[in-house]
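Peer 1: Chain residues, written in single-letter form:
4 protein chains.
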Amino acid sequence: MPDSAILLIHCPDRKGIVAGVSGFLHRHGANILHADQHQDNGLGLFFMRMEWDLKEFALDDAAFRAEFHPLAQSFEMQWQLAYSAARPAVAIFVSQQQHCLMDLLFRHRIGELRCEIPLIVSNHEAARDLAAFYGAPFHYTPADAANRAESEKVQLELLERHKIDLVVLARYMQILSPEFVASHPGRIINVHHSFLPAFSGARPYHAAYHRGVKLIGATSHYVTAILDDGPIIEQGVVRVSHRDQLEDLIQKGRDLERVVLSTAVRWHLDHRILQYSGKTVVFD
Amino acid sequence: MPDSAILLIHCPDRKGIVAGVSGFLHRHGANILHADQHQDNGLGLFFMRMEWDLKEFALDDAAFRAEFHPLAQSFEMQWQLAYSAARPAVAIFVSQQQHCLMDLLFRHRIGELRCEIPLIVSNHEAARDLAAFYGAPFHYTPADAANRAESEKVQLELLERHKIDLVVLARYMQILSPEFVASHPGRIINVHHSFLPAFSGARPYHAAYHRGVKLIGATSHYVTAILDDGPIIEQGVVRVSHRDQLEDLIQKGRDLERVVLSTAVRWHLDHRILQYSGKTVVFD
Amino acid sequence: MPDSAILLIHCPDRKGIVAGVSGFLHRHGANILHADQHQDNGLGLFFMRMEWDLKEFALDDAAFRAEFHPLAQSFEMQWQLAYSAARPAVAIFVSQQQHCLMDLLFRHRIGELRCEIPLIVSNHEAARDLAAFYGAPFHYTPADAANRAESEKVQLELLERHKIDLVVLARYMQILSPEFVASHPGRIINVHHSFLPAFSGARPYHAAYHRGVKLIGATSHYVTAILDDGPIIEQGVVRVSHRDQLEDLIQKGRDLERVVLSTAVRWHLDHRILQYSGKTVVFD
Amino acid sequence: MPDSAILLIHCPDRKGIVAGVSGFLHRHGANILHADQHQDNGLGLFFMRMEWDLKEFALDDAAFRAEFHPLAQSFEMQWQLAYSAARPAVAIFVSQQQHCLMDLLFRHRIGELRCEIPLIVSNHEAARDLAAFYGAPFHYTPADAANRAESEKVQLELLERHKIDLVVLARYMQILSPEFVASHPGRIINVHHSFLPAFSGARPYHAAYHRGVKLIGATSHYVTAILDDGPIIEQGVVRVSHRDQLEDLIQKGRDLERVVLSTAVRWHLDHRILQYSGKTVVFD
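Chains as they are written, first to last, in the working numbering: chain A, 1 to 284; chain B, 1001 to 1284; chain C, 2001 to 2284; chain D, 3001 to 3284.
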């Protein structure tokens, strides 16, 4: 794949946005690789993702920001520019269950995730050897309801020191404080082991078993201050029956969790997701 | 398919049930076509479905009931006996949207549903011609929150007159009174247009759209006195994205609704479902 | 939904296409509702679908064709322009099984398919009353291997007389001659009852049953001169097990067939499909 | 879970089999945990799986074999008896791609697979460190078309030395000789990266990409002398679109492959699979 730039735009819906942006890019030599856009008609909002080849593109990062500014301002755009060659720094938080961590580390190793993973944080020692095998630095930060403030202080220092761009909660079973969440707005991804909004909160497999549902699910979402309420990125389900005991639900769920979480992380790293109004636009 | 008998059993789990029942059937000449059983270990319950060819079976209905009684009593069984040749009477209740009604009537016509349909009830006139095309008697019973008691009285008389075994709510948008539900316990099947327990209550597609879920669902379930809370029979989901507007959700949902509802009705008519503890065992 | 125009473009991939087309539309007052594009990097091809509101658009059909011509020529575009207000004429061909016909007619009635259906053609009388119920003219044209040429002559006259834009084979069990296919290139949609390319040809459910597959499928595709080989539009699958007898496969398959066929027809009528190199691009 | 015994039976369909077997087990004190049976009506065959608690069961392995023999003979049964406490020895063969190996080793570690894994065989060195991390002995056996006979000789010695019960081909890209296959009849499981029988043979993702299918699949199956033709155990599919390049198909396929392979291995180890007539019965 060629080195490319990705532009994500979010603004009020008006005539001329596509023409304006594509004309701008064309004048500076961009060869567009992907373009996708979306309107929310109810809210009158416009969303766009443009990806172009950098090879014959005339503007470096600073020049782009300077030249694009007037156009962006005239359409009241919120926008982000990113480069496919960049490797954002990702921290993975995990508790005792390691299936999501294992999956993310393996995918990273074979090139599915375009990032660095300079930090694994856990409130248990269980994942230390797995992290070591994949060469990811591991930090044990004891955490429970009692010492949360203290733990989070250490964790935030780690995030700062490693210049973390994205925090992934890979079955991390501690609730984060609103302050922690606010420190990385829209940049913390969690996996919840149900098809939200059903069975939010603790022990969703138990709840699903007792309700007698015929499908169980998993959900990846951005974390907000309200538990299990952030913008949903991806969901998956699998069929269950009366033959499935609670342990079977948990086992089947593990396969869902790792897929919906790693998919969300990959989309985020590929700059495919826009968040607005408690929802996501995912440009596939 | 041969004429067969189906025995559904539900009792405390003990040694010797399978041996007892299969020995009994064998002694009377039964050729077993299907046998399935299930234990709920947590509750210590046993469930079984046996289906056998009637051709060389020595007992008629009365004889079976007499002969089987001691065995059933010794295991404290709750049991039902049914015959594949019987054609239970089904009433379909519908409001304005006819996709589920149309689907059920078509499936009945081509032989997918082993029943008679002597009664269509609606609080609108819209479905009259569809019912007529398929030869199903149509009764208009105006129903809204105000006149519910009166309407239900008429409806219950219709059910009685037609000796209805099963009531199917095929997008019938009125809430039934607890008395109505109690008149046909475990014999009213509804379709709800969400993956319950998410988005129970009114306007689930609106709720799903605003929450930004990535899958929408539909659920068929037995009706109990508590709204949208009865034992779930079948669920289905379909993928949606930010591109799907509310109308797209409704359109995609229609395809789910008719499949989960007709599947539930077929399983019920084939005597595959046992209800217990707010859940179902579905012997497929 | 507003009255809109849809432009489908297919050309060699070059810089400036998006800028050129969106600039052109903007200059003439178009408010773009949807824009999607795709590149086939291996073949160096570019595909685009643009849909815009006609309300403030300055060009009528003739003016558009005149004004757009130079731009189209400079990029060597193949292009089609369509209008959402138009109602293409669709003919449905059917044999004895009516589940797909019934489904299409019902969807048409409730507004899911934006077309007229002035013609049902069948080599059996079975569907006559269903067609009559939905007000669609029915023509019986006896057809078998022996009299195919004669039948097709009659059928082609019917297509001509009714100015048919799209032919839908809704479980029509006769093979069309290459001449017939050539008369409506890229405008005949068929449903095949397997996940092509597995089990092409006759009796796919029998073949699937004997092979012991764990999923069965259905495929909608454009018809070409080679049997079951045309560009695939949509596919669906459903899980089966050893418990499913041949009749169960056929029953489960019916539900797939009607969904994949009606989806394909709807996408075609919404001008979402481009065909090239034996494949389809489906702009959803 | 209690220690249990599992009996798999396969015989001509006759009256009295269920009664005979369940009566036998009951007389010897068995508490049946699961019972499932199946008939192939076309072929007149009967299949059964019985699992019972060993706690109060009166017969040890030798006694069972002696006592059960007359009953088995009278019904012409082929039967196998297994114990949940046993840990069969599994060898995993792998080439360069390690996603299936990684998945199997992780599942084994967390207790999803009831077996020992005393042997990893590869024709590449790539998986050596992964095997070491999970404590599984790794053997490098160079293998290509030229030296196949020699390699297989070494491999068969390894299988013999480690008393291997099941061979799992976890993306092992060498074709096994008929002699090798015959050495472990019905005990070699492979994963093929397509929904067989579509795209059998080499490079199925390339074939799927060129055909333009809308779903890709993966299949786990027992290996027979004919390539990609053995009894299918499990299949999965995932949706693709024109946006998916070949690499995307390969990436999406990896997630399917590991699920369908590990599911097949788990079912085999749980003695849930009977093979007959080129197909499988999977008692879930």
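Don't take each hint at face value.
[Unchecked claim] Beta-carbon label-pair distances, calculated as ranges:
no., chain 1, residue 1, chain 2, residue 2, range
1, B, R1203, A, N147, 42 to 52 Å
2, A, R109, C, R2027, 46 to 56 Å
3, D, A3085, A, G135, 52 to 62 Å
To be clear, the hints were calculated from the coordinates, so they are not data collected in a lab.
Predicted, not measured: the structure shown is a model, and the values here were computed from it.
Don't be surprised by glycine CBs; every beta carbon is placed ideally from N, CA and C.
Peer 1: Each hint needs a verdict: does it hold in this structure or not?
Peer 2: Right, here's what the structure says about each hint:
1. Range check, R1203 of chain B to N147 of chain A: Cβ separation about 44 Å, and the 42 to 52 Å hint holds.
2. Between R109 of chain A and R2027 of chain C, the C-beta spacing of about 51 Å keeps the proposed range 46 to 56 Å intact.
3. At roughly 38 Å, the beta-carbon separation of A3085 of chain D and G135 of chain A lies outside the given 52 to 62 Å, and the hint is violated.
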